[in-house]
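**Student:** Position 158 of the sequence shown, counted from 1, bears residue number 158 in full-length UniProt numbering, the numbering being contiguous throughout.
You may find that some hints are simply not true.
[Claimed, not checked] DSS-like, lysine-lysine: derived pairs with alpha carbons at most 30 Å apart:
| hint | residue 1 | residue 2 |
| --- | --- | --- |
| 1 | K123 | K154 |
| 2 | K114 | K42 |
| 3 | K140 | K154 |
These aren't lab readings, by the way, just hints derived from the structure by calculation.
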Amino acid sequence: MQVSKRIPFDNPDVLLGVRVMYIASNLLILGLYLYVQMQINKKKDLKTIKYVEPATMGSGEEPRPVVTTAQEYDRQQLRALFKSQLMGVGMMCVMHLYFKYTNPLVIQSIIPFKGALEGNLIKIHVFGQAAKGDLERPWKASGGLMGMGQGAVKSDKASIEAAEKTWRGGAKEE
């Protein structure tokens with residue numbers, strides 16, 4: 001943040017360079033996510049995953065049991081990453097093009113790329129780490145704004161059985 005305050009954004013060449021850096025960062029993230037999507041489709045991991053999805057805050061609904069495959073779970077997580085990245089780009093466009101803020105361009109060129117490289121899908125499908133320990137599906141929700149107020153995803157047998165009994169009278173969704 002302190003470094004971005006010292007950058008002379010009034011120089012058109014510097015501003016163009018920072019814009020190019022921001023666009024290149026987002027294109028790298030997009031390329032990384034597309035590669036992960038190819039890897040997910042290529043592996044076709046059909047291992048069954050059961051977990052309890054917490055109810056959204058204020059909805060009054062009960063936690064919902066979910067039965068899915070590792071491939072579908074990864075696809076769902078990747079969709080969320082794409083959506084999150086698009087939201088970030090949209091917010092940055094509004095901040096830069098409408099409100100004329102330039103400092104966030106530098107920071108938003110670095111932090112999302114770093115976050116993408118540290119993501120669970122990247123660790124499994126790009127770096128080849130085994131899906132064990134912290135990388136075992138379902139993953140713990142991050143403590144960001146979207147995860148606030150929601151309970152943690154539970155994958156223990158007792159929680160799954162309790163949710164299956166209480167959710168819609170025990171009827172399983174196919």
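**Student:** Are the hints correct? Go through all of them and say.
**Tutor:** Verification of the supplied hints:
The hinted pair formed by K123 and K154 meets the criterion: a straight-line CA distance of about 22 Å does not exceed 30 Å. Note on K114 and K42: the hinted pairing holds, with a Cα-Cα distance of about 25 Å set against a maximum of 30 Å. Of the supplied pair hints, the one linking K140 and K154 holds, its CA atoms being roughly 9 Å apart against a limit of 30 Å.
Against the hints set out earlier in the document, no violation occurs for any number.
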